Amino acid sequence: MIRIIILGILLICLISTKAHGQIFFMGARFSAMANAGSAMSDIWNVSYNPAGFTAIKSPTVSFGYDNRFVTKELSVKSVVAAFPVQTNYFGCSFSSTGFESYNVMLSSLSYGKKLSERFSAGLKFNYHSLNIESYGLTYTFSVDLGIQAKLTDQLVLATQIVNPTRAKFGNDLINPIETIFCLGALYTFSPKAFITTEVEKSLGFPVNTKVGMEYKPLEMVAVRGGISSFPLRQYFGMGILLKKIKLDVAASTHVSLGYSPQFSLGYEF
Numbered sequence: 001m002i003r004i005i006i007l008g009i010l011l012i013c014l015i016s017t018k019a020h021g022q023i024f025f026m027g028a029r030f031s032a033m034a035n036a037g038s039a040m041s042d043i044w045n046v047s048y049n050p051a052g053f054t055a056i057k058s059p060t061v062s063f064g065y066d067n068r069f070v071t072k073e074l075s076v077k078s079v080v081a082a083f084p085v086q087t088n089y090f091g092c093s094f095s096s097t098g099f100e101s102y103n104v105m106l107s108s109l110s111y112g113k114k115l116s117e118r119f120s121a122g123l124k125f126n127y128h129s130l131n132i133e134s135y136g137l138t139y140t141f142s143v144d145l146g147i148q149a150k151l152t153d154q155l156v157l158a159t160q161i162v163n164p165t166r167a168k169f170g171n172d173l174i175n176p177i178e179t180i181f182c183l184g185a186l187y188t189f190s191p192k193a194f195i196t197t198e199v200e201k202s203l204g205f206p207v208n209t210k211v212g213m214e215y216k217p218l219e220m221v222a223v224r225g226g227i228s229s230f231p232l233r234q235y236f237g238m239g240i241l242l243k244k245i246k247l248d249v250a251a252s253t254h255v256s257l258g259y260s261p262q263f264s265l266g267y268e269f
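With the numbering used here applied, the sequence shown covers 1 to 269.
Don't read these hints as lab results, they were simulated from the structure. Computed from a predicted model, the values in this text were never measured in an experiment. Glycine included, each C-beta is placed from N, C-alpha and C at the ideal position. Please note that a few of the clues may not be correct.
Here are the computed distance ranges between Cβ atoms for each label pair [claimed, not checked]:
id : residue 1 : residue 2 : range
1  : VAL85     : GLU133    : 40 to 46 Å
2  : PHE269    : THR87     : 16 to 22 Å
3  : PRO164    : PRO191    : 33 to 39 Å
4  : LYS243    : TYR135    : 45 to 51 Å
Produce the entire structure from the sequences given, and follow the hints as far as they go.
Dropping the structure here:
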């Protein structure tokens with residue numbers, strides 16, 4: 001009975017935070033800027049906008065952990081890896097969350113292509129699995145699309161569609177795999193600072209507007225912050241770059257559910 005009560009509470013939390021069926025953790029750098037990362041160039045776009053990891057210059061891997069609401073059962077563990085081959089970029093990612101009675105896993109293969117010096121596009125192929133006690137294991141597949149365009153040296157625009165085919169686990173489950181449309185922009189003020197923003201529309205949910213900013217007081221140190229409108233959340237964090245090692249830490253706040261600390265650690269070979 002206690003396990004059933006815990007499962008019910010966790011499902012309510014997952015639904016209220018749009019975490020059901022899909023795993024939205026794209027590393028601590030994105031998280032510190034309200035996850036407004038579709039127009040950014042970063043290894044963690046392997047698991048977000050597949051057009052956005054085409055700036056890597058060598059094989060790169062990164063691990064991340066999101067201690068969601070400081071609750072072990074809701075924590076997300078993720079890993080991403082990618083490598084370039086001329087103007088082609090290949091990546092893979094894996095994330096999981098849950099516990100013995102409820103577990104969600106997402107495995108993805110990403111492909112990015114630099115179509116020109118200022119334009120890139122990408123595809124992401126996803127395998128979703130959902131395991132619920134007394135229901136069993138079910139799975140499905142989905143695809144994501146992404147585009148980035150560098151209009152000027154300062155301005156980048158991006159768009160992506162998550163699950164345009166509206167894949168789902170089955171008719172007997174409330175469809176937990178969302179279809180999401182995103183429009184993002186990034187503006188660089190100087191080599192030390194930029195602002196990134198994103199408008200996200202998930203079918204069945206209100207529009208979510210996200211804004212984040214990064215400032216580098218030192219070459220190896222970055223401080224970050226952000227805010228999102230639905231749900232209303234604040235984000236902050238920092239990053240440290242030591243040669244080929246990159247460490248990012250972040251935390252977000254939820255009005256009802258509290259804090260969520262995150263970190264990610266990456267290495268460029």
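Could one say that the CB atoms of VAL85 and GLU133 fall in the range 40 to 46 Å?
Holds, since VAL85 and GLU133 (Cβ atoms, about 43 Å apart) stay within the stated range.
Could one say that the CB atoms of LYS243 and TYR135 fall in the range 45 to 51 Å?
48 Å, holds
Should the hint that PHE269 and THR87 are 16 to 22 Å apart at their CB atoms be regarded as holding?
19 Å, holds
The hint says 33 to 39 Å between PRO164 and PRO191; measuring C-beta to C-beta, is that right?
With Cβ atoms ~36 Å apart, the hint holds.
Taken one by one, the earlier hints all hold for this structure without exception.
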